[in-house]
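Using the sequences and the hints given, assemble the complete structure.
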Amino acid sequence: MKARVHVMLKNGVLDPQGEAVRHALGALGFDGVNGVRQGKVIELDLADGTTEAQVNEMCEKLLANTVIESYTVGLG
Amino acid sequence: MRAAVITFPGSNCDRDLAVGLAMAGAEVKRVWHKDSTLPDGIDLVGIPGGFSYGDYLRCGAIAANSPICKAVKAHAEKGGYVFGVCNGFQVLTETRLLPGALMRNAGLKYICRTVGLEVGENSSDFMNGYSAGQVIQVPIAHHDGNYTATTEELDRLEVEGRVAFRYSDNPNGSDRNIAGITSANGRVLGMMPHPERAMEDAHGSSDGARLFAGLIGAMATA
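Those sequence lines, one after another, are chains A and X. Under the working numbering, the letters of the first sequence match residues 2 to 77, in that order. Under the working numbering, the letters of the second sequence match residues 188 to 409, in that order.
Simulated from the structure, these hints should not be mistaken for laboratory data. Owing to the predicted nature of the structure, the values given are computational and were not obtained by experimental measurement. What you were told as hints is all true, and nothing was included just to trick you.
Within a straight-line C-alpha distance of at most 25 Å, the following computed DSS-like cross-link-like pairs (lysine-lysine) qualify:
#, chain 1, residue 1, chain 2, residue 2
1, X, Lys296, A, Lys11
2, X, Lys265, X, Lys216
3, X, Lys296, A, Lys41
The following block contains the structure:
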């Protein structure tokens, strides 16, 4: 089974990389990009029977730094 | 004073930190990241600068979960001294021995230059060689030194006198100009600037040497 973990900076945490991407899009002539937030996607190939709770624990302990980041888990 | 300096794959200031501690009179042992115990009788653990594990996932995140870091956490929880410089500060926030996190510099650039640091109102033994309000010159060299914490956490650090150093001219966007902080018991210091690179006049500044000498002096009289 597979799990896909999305890690994003929490709302309210300034994302300087996202801001740089927004400026670069503007420079390419793409108008109307009001905001860009950059995160990461982590794909896990897991033994059958791994629970969502276990994946959440992986996120809490390593995959995300919950001081500044939030995460969502998608299984399947 | 007996110190252990840890080397992770990608550490590049481990020797400098060991030399800095030895210059101040410490007996220094070098410890590999795969070791699961610290040498007997260690007073201080030094976590050096560099790019542990290639900064994979997040700076310091993999190192914080390495075998030796369990021993470092146990050492800190017993009241032992721990000193993290640059990547070492990132490791200490990832272990949660220190609060907050270090994000990408606000200007997105790697910054390598000597900066002014104002010494905070902090009575930790690490600050014994300095006086509050004094400005010292110490180099920084980092891409992810933008200290971030919640407003409540920042207020707590200030009220409890745990801000060790502030940038005179904030280079990286750090909240409240914070360059270094200590733990609630004052035994853990994390800082982005490199005092081990400011040990003698030939380095451009010897202001870092006083941190090592002051700490060892405080520990000798404790």
